[in-house]
Amino acid sequence: MLLRRQNKEGRMVKRFLLPLFLLILSCLPLTSYGQIGVKLEFKKRAYLQYETVVAKVTLRNDSGNPILFGQDEQLRGDLKFHILDGNKRTVRAKDPDVRILENVMLQPGETQEVFIVLNNYYNIAGLGNYTATAYITHPSLNSDYESSRQNFEVSQGVTEWSKNVGLPSFMLDRDNPEQDDTRTVKIVSLMDYGRKNLYVTVEDKDYVYSVLALGGILGEEKCTAEVDNLGRLHILVPVASKEYRYFVITLNGDVDEEASYVAVNSVPVLARDPQSARVYIVGGDKMELRK
Numbered sequence: 001m002l003l004r005r006q007n008k009e010g011r012m013v014k015r016f017l018l019p020l021f022l023l024i025l026s027c028l029p030l031t032s033y034g035q036i037g038v039k040l041e042f043k044k045r046a047y048l049q050y051e052t053v054v055a056k057v058t059l060r061n062d063s064g065n066p067i068l069f070g071q072d073e074q075l076r077g078d079l080k081f082h083i084l085d086g087n088k089r090t091v092r093a094k095d096p097d098v099r100i101l102e103n104v105m106l107q108p109g110e111t112q113e114v115f116i117v118l119n120n121y122y123n124i125a126g127l128g129n130y131t132a133t134a135y136i137t138h139p140s141l142n143s144d145y146e147s148s149r150q151n152f153e154v155s156q157g158v159t160e161w162s163k164n165v166g167l168p169s170f171m172l173d174r175d176n177p178e179q180d181d182t183r184t185v186k187i188v189s190l191m192d193y194g195r196k197n198l199y200v201t202v203e204d205k206d207y208v209y210s211v212l213a214l215g216g217i218l219g220e221e222k223c224t225a226e227v228d229n230l231g232r233l234h235i236l237v238p239v240a241s242k243e244y245r246y247f248v249i250t251l252n253g254d255v256d257e258e259a260s261y262v263a264v265n266s267v268p269v270l271a272r273d274p275q276s277a278r279v280y281i282v283g284g285d286k287m288e289l290r291k
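Just so you know, the sequence shown maps onto residues 1 to 291 in our numbering.
Calculated directly from the structure, the hints in this document are not laboratory data. The model shown is predicted, which means the values in this text are computed figures rather than measured ones. Idealized CB from N, CA, C, for every residue including glycine. Heads up, a few of these hints could be off.
[Unchecked claim] Restricting the straight-line Cα-Cα distance to at most 25 Å, the calculated cross-link-like pairs of lysine to any residue (SDA-like) are:
id, residue 1, residue 2
1, K242, V269
2, K44, Y135
3, K39, S162
4, K205, S162
[To be verified] Listed next, with one range per pair, are the computed distances between beta-carbon atoms:
id, residue 1, residue 2, range
5, D256, R92, 34 to 42 Å
6, D72, R174, 34 to 42 Å
7, D72, V208, 38 to 46 Å
8, V54, V255, 12 to 20 Å
9, D72, E178, 45 to 53 Å
10, D181, S140, 17 to 25 Å
Work the whole structure out from these sequences, hints included.
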């Protein structure tokens, strides 16, 4: 009889402690139990139209269990984004069935950084302001976990220089008579966090071939540009006091050459041979390129 009485009292204690434990657990902050920490960051606040927008998402597993984002139905969690345009309309995913996270394992207590090109999954080419939130879904989690909201802007920028350039013969498709034989090359500036950034864009009436970020330019200084006999853009950009960056860019938007010059005894300038259309640097001292 004594043994039975102890069992009954034990069951009563368990019935009392379990609700109490759950009550205490429900009062704990989410960071202490069952949470995936999600942090969303953008390197820039302002992006040029059609520029690649990269989202940095930091994931922290505080759930106490490993979480695998895999192919199996029980593992088919994912990283998603909720994006609103300037009119508070939801920007739909290009393909809602495409998963961003696959074959990713988060061990208990582990932190991972993932970099996502948002343009690949969402149509954010429209001009204006956007608000983005990243969130994690997974069958093993009792809810979704999301980041704080982050804002970014897509802008046309200010065109500093523009030129229509004919395609050289080796770029022409003789079997395509409808091919546009000219492309417009532009140097565009865009302010971001008080810094003036430069871009080179290459486009024709149908396509944008490249949006190339060159980096910042010094104060109110101006860059100089010339086009050579191959249709390549040569651009000299003042980036710091007495320091210049030199780029040679093709009509496909590829960087053929990049160099750095410093004004020691003379200031570097672009020169163009009027007969051969060769473009080159005169003056300045070439220095080791700083990445």
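Starting from the hint 45 to 53 Å, judge whether the C-beta atoms of D72 and E178 obey it. 49 Å, holds
May I ask you to test the hint 34 to 42 Å on the CB atoms belonging to D256 and R92? At roughly 39 Å between Cβ atoms, R92 and D256 fall inside 34 to 42 Å, so the hint holds.
For the pair D181 and S140, does the Cβ-Cβ distance stay inside 17 to 25 Å? 57 Å, violated
Can you let me know if the beta-carbon spacing of D72 and V208 is within 38 to 46 Å? At 40 Å between Cβs, range holds.
Can the restraint linking K44 and Y135 be considered satisfied, given a maximum Cα separation of 25 Å? Roughly 20 Å separates the two Cα atoms, so the pair holds.
Take a look at whether the Cβ-Cβ distance between D72 and R174 falls inside 34 to 42 Å. Violated, since D72 and R174 (Cβ atoms, about 52 Å apart) do not stay within the stated range.
Check whether the Cα positions of K205 and S162 lie no farther apart than 25 Å. 14 Å, holds
Need the status of pair K39, S162: alpha-carbon distance at most 25 Å? With a Cα-Cα distance of about 39 Å, the restraint between K39 and S162 is violated, given a limit of 25 Å.
Hinted pair, alpha-carbon criterion (25 Å max): K242, V269. Please report holds or violated. Roughly 12 Å between the alpha carbons, so the hint for K242 and V269 holds.
Falls inside 12 to 20 Å, the C-beta gap from V54 to V255? 19 Å, holds
Checked against the numbered hints given earlier, this structure breaks hints 3, 6, 10; the rest are met.
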